[in-house]
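As they're listed, the protein sequences go chains B and C. Take 8 as the starting number for the first sequence in our numbering and just add one per residue. Take 8 as the starting number for the second sequence in our numbering and just add one per residue.
No wet-lab data here; the hints were simulated from the structure. Check each hint, because a few of them may be wrong.
Unchecked claim - If you only want the chain C side, here are some residues facing chain B, beta carbon under 7 Å, derived:
| id | residue |
| --- | --- |
| 1 | R23 |
| 2 | Q91 |
| 3 | N97 |
| 4 | A137 |
| 5 | V148 |
| 6 | H193 |
| 7 | F194 |
| 8 | P203 |
| 9 | S204 |
Unchecked claim - Capping the alpha-carbon separation at 25 Å, the derived lysine to any residue pairs in SDA-like fashion look like this:
| id | chain 1 | residue 1 | chain 2 | residue 2 |
| --- | --- | --- | --- | --- |
| 10 | B | K73 | C | D119 |
| 11 | B | K146 | C | F52 |
| 12 | C | K53 | B | N72 |
| 13 | C | K44 | C | F21 |
Glycine residues also receive a C-beta, built at the ideal position from the N, C-alpha and C atoms.
2 protein chains.
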Amino acid sequence: MKLQLHIKMNEALFLRNPESSELGKNILKHSVQLISKTGFEAFTFKKLAEDIGTTEAGIYRYFENKHKLLVYLTAWYWAWLEFQISFHTNNMNDPAEKLKRVIKLLATTVEDDEKTNYIDESLLYQIIIAEGSKAYLTKQVGEDNKQQFFKPYKDLCAVVGTIILACCPNYKYPKSLASTIIEMAHFQNFFMNNLPSLTDFSESKEESEIIAFLNDLVFNSLKNAQ
Amino acid sequence: MKLQLHIKMNEALFLRNPESSELGKNILKHSVQLISKTGFEAFTFKKLAEDIGTTEAGIYRYFENKHKLLVYLTAWYWAWLEFQISFHTNNMNDPAEKLKRVIKLLATTVEDDEKTNYIDESLLYQIIIAEGSKAYLTKQVGEDNKQQFFKPYKDLCAVVGTIILACCPNYKYPKSLASTIIEMAHFQNFFMNNLPSLTDFSESKEESEIIAFLNDLVFNSLKNAQ
DNA sequence: TTTAAAAAGATAGTAATACTATCATAAATA
DNA sequence: TATTTATGATAGTATTACTATCTTTTTAAA
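Please construct the entire structure, taking both the sequences and the accompanying hints into account.
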């Protein structure tokens, strides 16, 4: 028996649901491959169409433009990650242990999840690191936010914030600390691999060091707020 | 007497030194205005040329493309900020006070600095917040880094890291904490204004709260490493 | 099983973007 | 005054980011 994980996506993100057809699934699959290969700037619907063996117009029937597609992919990732977190922290009683597990999940390169067949999570993780912030660092962030495009990200942040508060009800900045952990899990990874002098992990290039740094950061903040 | 602050820029960033002519200075001045107005994605050399009253080709004589121009502006900002920091922390003995001052400088909206006539620092600060990471979140980050485009950012990070170590020589992650402070000073500002539920400052929208959060984060980390 | 609706393929076309090239003119400098 | 250098004016190209239309194929309802 194989379990199928399904993430319900915001309908305003697409013109036609990419999960509803083979072509749609191919768009998701190949866009993840192509964006992680060429970067978001050089990524075009024309190249994507060539990769898939369809036409540009075919892609445009699913996504209005490449920005929406990027937002879709990031939203999908955050929703998937929130599920991972709820799955892996289920039945954990100690909130501090829970928080440690969350940090580990955030900062660990994902392996391809068999439960989702058309998205390669390990490539998507690389996209999130290098392109993720471009989903919201735009002039349209306000409108996009109104349409709830960033809800999965905000939900994840809220979940992490709640765990932080469970660890330490007096802590004053649970949401900001949550967004800091999430962003830094990725930025420190990007820096470690691309601008190593911005980190202390340039020699080992080990994710475990990023995790140790984030744990140190978080638990010192919470310890002193007791 | 008026002091003129001059920042020596990496020559590989431009084709012709924009500081060497009126047109060049206009390119800097108007690009800051136009990018902060339209965002980097919608910003084009054509629009910039129209704004200035010159031609597209004229801009291309100074900058190879808009990415180089963005990198130029961010590099300029980091170099300017490093000077601000060294100026405002000069003669401070207590490294903890120094660090607090640095955090304040990082997270406070800049006023236009009279010492530089063609760059509006307050607009540039907004660009750094919303577009700054796009300077390095690209596929060419490795080559750009080889050409030392990010040296001012790395230098600033090193300066902050040194102050952190002066506060607490045992602290294990001075560079990562430095890059975390720098990035979060801007990201928390962006979130506060655009995706407020990712922060704890959505009501007040006060920079002072970001500063308080960062101080809390940093000094709790250092206190426990004594 | 037929029929109609929906999706996909094929092709064309447009406006804008991201450049490069050329030639004339104006300004600075030697 | 001659000459270099910067700017202006104009043109042109390849690519991007779409939109439109028409045909064929697939799917799903009657």
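Each hint tested on the structure:
1. R23: Constraint on C:R23 not satisfied, violated at 25 Å.
2. Q91: 20 Å, violated
3. N97: 25 Å, violated
4. A137: 6 Å, holds
5. V148: Holds: closest Cβ of chain B sits about 5 Å from C:V148, inside 7 Å.
6. H193: With a closest approach of 10 Å, the C:H193 hint is violated.
7. F194: Holds: closest Cβ of chain B sits about 6 Å from C:F194, inside 7 Å.
8. P203: 9 Å, violated
9. S204: Holds - the Cβ of C:S204 comes within 7 Å of chain B, reaching about 5 Å at its closest.
10. B:K73 x C:D119: 36 Å, violated
11. B:K146 x C:F52: OK: B:K146 and C:F52 at ~18 Å, within 25 Å.
12. C:K53 x B:N72: 22 Å, holds
13. C:K44 x C:F21: 23 Å, holds
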